[in-house]
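Going line by line, the protein sequences match chains A and B. Positions 2 to 248 (the numbering used here) are the ones given, in order, by the first sequence. Positions 7 to 197 (the numbering used here) are the ones given, in order, by the second sequence.
No lab work stands behind these hints: they were computed from the structure. Just so you know, even glycine gets a beta-carbon here, dropped at the ideal spot from N, CA and C. Misleading hints may appear alongside valid ones.
[Claimed, not checked] Across the chosen pairs, the derived CB separations fall in these ranges:
1) Ser157(B) <-> Lys133(A): 22 to 32 Å
2) Glu17(A) <-> Ser157(B): 26 to 36 Å
3) Lys61(B) <-> Pro121(A): 38 to 48 Å
Letter by letter, the chains look like this.
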Amino acid sequence: MKNALIIEDLHVQTVEGKQILNGVSLTIKKGEIHAIMGPNGGGKSTLSAALMGHPGYVITKGKVIVNGVDITKFSPDQKARAGLFLGFQYPVEIAGVNFSSFLRMAMNERKKEGEKKISPIAFKNKLVDEAKTLSFRDDITKRALNEGFSGGEKKKAEILQLAMLKPEFAILDEPDSGLDVDALKYIANKINDLDYEFGLILITHYQRILKYIKPHFVHVLVKGKIVKSGNAKLAQLIEQSGYEKYI
Amino acid sequence: MEEIIVKQNQELIFPVIWTGKEKELLYSVRLSQRGAKITFLALLLGKNEESLDIKTTVIHDAEDTKSEVIIKSALNDYSYVNFEGLVKINHGAKKTNAWLAAHMLLLSKTARGRAIPSLEIIENDIKAGHATTVGRVNELEMFYLTSRGLSEKSAKQLLVQGFLQSIVDRFPKKNQVIAAKQLQMYGQKYL
Chain A
2 MKNALIIEDL HVQTVEGKQI LNGVSLTIKK GEIHAIMGPN GGGKSTLSAA LMGHPGYVIT
62 KGKVIVNGVD ITKFSPDQKA RAGLFLGFQY PVEIAGVNFS SFLRMAMNER KKEGEKKISP
122 IAFKNKLVDE AKTLSFRDDI TKRALNEGFS GGEKKKAEIL QLAMLKPEFA ILDEPDSGLD
182 VDALKYIANK INDLDYEFGL ILITHYQRIL KYIKPHFVHV LVKGKIVKSG NAKLAQLIEQ
242 SGYEKYI
Chain B
7 MEEIIVKQNQ ELIFPVIWTG KEKELLYSVR LSQRGAKITF LALLLGKNEE SLDIKTTVIH
67 DAEDTKSEVI IKSALNDYSY VNFEGLVKIN HGAKKTNAWL AAHMLLLSKT ARGRAIPSLE
127 IIENDIKAGH ATTVGRVNEL EMFYLTSRGL SEKSAKQLLV QGFLQSIVDR FPKKNQVIAA
187 KQLQMYGQKY L
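Please model the entire structure based on the sequences and the hints provided.
Put into structure tokens, the structure is as follows:
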């Protein structure tokens, strides 16, 4: 199917052999927002990591299909070029690597053959503009990749990368954890304001972010399986009564 | 063996770039008079089956002398670097400050690095220290970079560049240009 990310009966283990996901199936069409909620240890982060090809996890069964292409066995860079993006819960700090050069390199390498590369000046202007809307200072172009960023800045920088790279499908792993209300609003507004159609998997522990980003679907992931799916009301129900009845 | 003598209040920056030609590099530095200072910087880029023995000896012979020996190395394929760094602080070299650091990044499973720092200190009133690491490319850093669409090669290039930038930045301007060129060629041709 075009314009969709399809996750089919996904089984995932850690490289040490611990079974985490026991058959997760989801279809995310472009334009849709799917929230995945669940208790700690339910498999939320594993799902996002495994989708992107994290070296610590192995897909033992099932498929991941993007726009009709089976990307299950793709390397992370191939998955990225197929249209997938992962916003990390804990972005990695890389000393000595400039945030801006890295992002420009990534943007250019994602271009299809024959597509024009972005000029350094056009890139810089765009980065500074986008960064402003997330309340970064201009000096973002001089900073190292996540190094010396505060917790909130790291989370905002993930969304900044999303806004620059414009993937067709984004998985955001707890973009709200550790954020104060102001930073949360910046992030939510930025996601809502993105001016193109993409599919979004929003992984979150709390309902708080869903007040700002309205999901079309809410899924509850417990013990490596989706035990309940519904609309936005499901998130409110969970807020009131917790996860206990699904465990 | 190359012998370097640093005299009174002289401040010397001594840059070395190795790209696989030599099998052995030996340096002996003597800080012979008060206020002498050396910054010895070696950027080592190994590939194929190249191997290098690099040995530095720094002798502090006078008061108030300062030495810094910094080795940074990226090693790919089957390449090998053996570094032995010795700092001697002789009697009378009070208020001496000596630092020895070697960091090696292994880019393949078959590359090897070895770093042995040693300090021989006879004087009391001094500061001296050393730090060495030999490590592989961080898997999570690679995952993070490639998850944005960078090929493995580009991601490695960035990480190597990032790892070595701090030493290149300390080179004199003229050598910075040469180092940047070598680094670029190494990244494009051999990673």
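Results of checking the hints against the structure:
Between Ser157(B) and Lys133(A) the Cβ separation comes to about 31 Å, which falls inside the hinted range of 22 to 32 Å. A hinted range of 26 to 36 Å holds for the C-beta pair Glu17(A) and Ser157(B), which are about 28 Å apart. For the pair Lys61(B) and Pro121(A), the beta carbons lie near 43 Å from each other, so the given range of 38 to 48 Å is met.
Of the numbered hints listed earlier, not one is contradicted by the structure.
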